[in-house]
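*Asks:* Single-letter residue listing:
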Amino acid sequence: MIKTKKITTPLTDDVIADLRAGDKVEISGVLYTARDAAHKRLVQMIKDGQPLPFDVRGQVIYFVGPTPAKPGMPIGSAGPTTAGRMDFYSPILIELGLKGMIGKGARSEDVKNAIVNHKCVYFAAIGGVAALLSKKIKKAEILAFEDLGTEAIRILHVEDFPVIVINDIYGGDLYKEGIKQYSTVPTP
Amino acid sequence: MRRIHYNDIVDKVRDICIDANYNLSKDVIAAYEKAIETEKSPLGQEVLKQIMENAEIAKNENMPLCQDTGLAVFFVELGQEVYIAGGLFNDAINEGVRQGYSKGLLRKSVVQEPIFERRNTSDNTPAIIYTELVAGDQIKIMLDIAGGGCENMAAHKMLKPAEGIEGVRKFVVDTVKNAGANPCPPVIVGVGIGGDFEKSAMLAKKALLRPVGQPHQRLEVASLEEDLLKRVNQLGIGPVGLGGIVTAFAVHVEIHPCHIASLPVAVNIGCHSSRHKSVII
Chain W
0 MIKTKKITTP LTDDVIADLR AGDKVEISGV LYTARDAAHK RLVQMIKDGQ PLPFDVRGQV
60 IYFVGPTPAK PGMPIGSAGP TTAGRMDFYS PILIELGLKG MIGKGARSED VKNAIVNHKC
120 VYFAAIGGVA ALLSKKIKKA EILAFEDLGT EAIRILHVED FPVIVINDIY GGDLYKEGIK
180 QYSTVPTP
Chain C
0 MRRIHYNDIV DKVRDICIDA NYNLSKDVIA AYEKAIETEK SPLGQEVLKQ IMENAEIAKN
60 ENMPLCQDTG LAVFFVELGQ EVYIAGGLFN DAINEGVRQG YSKGLLRKSV VQEPIFERRN
120 TSDNTPAIIY TELVAGDQIK IMLDIAGGGC ENMAAHKMLK PAEGIEGVRK FVVDTVKNAG
180 ANPCPPVIVG VGIGGDFEKS AMLAKKALLR PVGQPHQRLE VASLEEDLLK RVNQLGIGPV
240 GLGGIVTAFA VHVEIHPCHI ASLPVAVNIG CHSSRHKSVI I
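Going line by line, the protein sequences match chains W and C. Using numbering that gives the first Met the number 0, the first residue of the first sequence is number 0, and each one after it goes up by one. Using numbering that gives the first Met the number 0, the first residue of the second sequence is number 0, and each one after it goes up by one.
These are computed hints drawn from the structure, not numbers from a lab. Small disclaimer: the values here were computed from a predicted structure and weren't measured. Beta carbons: idealized from backbone N, C-alpha and C, even for Gly. Please note that a few of the clues may not be correct.
Unchecked claim - List of simulated lysine to aspartate or glutamate pairs, EDC-like, C-alpha gap at most 20 angstroms:
#: 1; chain 1: W; residue 1: 5; chain 2: W; residue 2: 146
#: 2; chain 1: W; residue 1: 179; chain 2: C; residue 2: 173
#: 3; chain 1: W; residue 1: 134; chain 2: C; residue 2: 165
#: 4; chain 1: W; residue 1: 135; chain 2: C; residue 2: 55
#: 5; chain 1: W; residue 1: 134; chain 2: W; residue 2: 25
#: 6; chain 1: W; residue 1: 135; chain 2: C; residue 2: 173
#: 7; chain 1: W; residue 1: 39; chain 2: W; residue 2: 17
#: 8; chain 1: W; residue 1: 23; chain 2: W; residue 2: 35
#: 9; chain 1: W; residue 1: 69; chain 2: C; residue 2: 112
#: 10; chain 1: C; residue 1: 48; chain 2: C; residue 2: 60
#: 11; chain 1: W; residue 1: 69; chain 2: C; residue 2: 32
#: 12; chain 1: W; residue 1: 39; chain 2: C; residue 2: 122
#: 13; chain 1: C; residue 1: 229; chain 2: C; residue 2: 136
#: 14; chain 1: W; residue 1: 135; chain 2: C; residue 2: 45
#: 15; chain 1: W; residue 1: 39; chain 2: C; residue 2: 116
#: 16; chain 1: W; residue 1: 135; chain 2: W; residue 2: 25
Claimed, not checked - Chain C is faced by these chain W residues, among others (derived, beta-carbon under 8 angstroms):
#: 17; residue: 2
#: 18; residue: 49
#: 19; residue: 50
#: 20; residue: 66
#: 21; residue: 67
#: 22; residue: 73
#: 23; residue: 78
#: 24; residue: 83
#: 25; residue: 107
#: 26; residue: 130
#: 27; residue: 181
#: 28; residue: 184
#: 29; residue: 186
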């Protein structure tokens, strides 16, 4: 059994320094949701010099567009979306002090460099287990861009939200390490 | 002629949209069980168990397996002795999608146009509908829930006939390799070979509707499927890309006659949450 680290948002550099690719982590506290459309707007606001709907410093963004909540439930199914689509925008937010991202799938070299240079961490949540992950979300409220529907920015209050460190500040990359360990492709 | 009413089609489509998003079919659960036995990575094992647990939660609590409840893609076999009364067939499908995605609290993931104004249509329509006229007086409606993460990893290539089976192998394996963790492995790899440009792509998507791991009825094709599965699982990508020996549950290949100058190949990847359902009216 791999040991699980428990951390609380907002994240500090000390906490991030202790996280390594392959670590299992449970996050409690607040996460902000944003996908493609919200990222596009956030980055446009930065370019236009407008204040953002939330201060990104120390925060964690979860790349997710949930299903509608059932009556009496905080949220519907809520698993990660492919992070690579946010690669264009993430370095800009990391430079402003964003400390964590949760998604699935590999990131670009630009994002990985920003993670190392500005001390951030990229976590994966398990893709496609959205009903299970929704149980860890205790409260959800729309913060901005309500017109975007599922793509609006939400504040999620989570308890022991399970993730795995993919990219750490030391240049570690679990996706690459995993393939290295298990690939049996014959050498030509 | 047999008369089938618009409303009957709407009701059936509404129900399979919800059912497909809440309940995995038996073949998919069986593929999970087999993968848990096969996988060597401890982390991969844990991931597979969570995938099973997620399926239980979704079924028991009537909630979507995945937040990406997809684009609804329909393959329809319409018996030519059927008369559809009360409205247009495609309208009935779209009305069923509209009702299913609303009633089932499924996510609406369709924008009205691709580049100029990506405004959500708010009801998950229009669906993608492929209709084939067949003999008989029934309508068979097959639904594939196409999530964006895996659909985005699809690829197509017009190979030269001289590239042959080696070229096909390389293209399929490279496509799965490039997809990495993005399409939520273990995946089902749909491969369409032959036909023309769009026919091969449609076959690749249709291949995903086959019960997971059911081999093609032609022996050469079945053995190509087996060979491709072995090669894909050698990549080491593993469950959700964290490393392991189960990268795909199955490779399904469909073939079709083609032009003397052509060898079209299309690959469409389906995620582990393989949501496909069909209904006969």
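*Asks:* Decide, hint by hint, whether the structure agrees.
*Replies:* So, going through the hints one by one against the coordinates:
no.: 1; hint: W/5 <-> W/146; verdict: violated, 35 angstroms
no.: 2; hint: W/179 <-> C/173; verdict: holds, 16 angstroms
no.: 3; hint: W/134 <-> C/165; verdict: violated, 47 angstroms
no.: 4; hint: W/135 <-> C/55; verdict: holds, 16 angstroms
no.: 5; hint: W/134 <-> W/25; verdict: holds, 13 angstroms
no.: 6; hint: W/135 <-> C/173; verdict: violated, 36 angstroms
no.: 7; hint: W/39 <-> W/17; verdict: violated, 31 angstroms
no.: 8; hint: W/23 <-> W/35; verdict: violated, 26 angstroms
no.: 9; hint: W/69 <-> C/112; verdict: violated, 29 angstroms
no.: 10; hint: C/48 <-> C/60; verdict: holds, 18 angstroms
no.: 11; hint: W/69 <-> C/32; verdict: violated, 30 angstroms
no.: 12; hint: W/39 <-> C/122; verdict: violated, 23 angstroms
no.: 13; hint: C/229 <-> C/136; verdict: violated, 41 angstroms
no.: 14; hint: W/135 <-> C/45; verdict: holds, 18 angstroms
no.: 15; hint: W/39 <-> C/116; verdict: holds, 13 angstroms
no.: 16; hint: W/135 <-> W/25; verdict: holds, 10 angstroms
no.: 17; hint: 2; verdict: violated, 12 angstroms
no.: 18; hint: 49; verdict: violated, 21 angstroms
no.: 19; hint: 50; verdict: violated, 25 angstroms
no.: 20; hint: 66; verdict: holds, 4 angstroms
no.: 21; hint: 67; verdict: holds, 4 angstroms
no.: 22; hint: 73; verdict: violated, 13 angstroms
no.: 23; hint: 78; verdict: holds, 5 angstroms
no.: 24; hint: 83; verdict: holds, 7 angstroms
no.: 25; hint: 107; verdict: violated, 13 angstroms
no.: 26; hint: 130; verdict: holds, 4 angstroms
no.: 27; hint: 181; verdict: holds, 4 angstroms
no.: 28; hint: 184; verdict: holds, 5 angstroms
no.: 29; hint: 186; verdict: violated, 11 angstroms
Going through the hint list in order, the structure does not satisfy hints 1, 3, 6, 7, 8, 9, 11, 12, 13, 17, 18, 19, 22, 25, 29.
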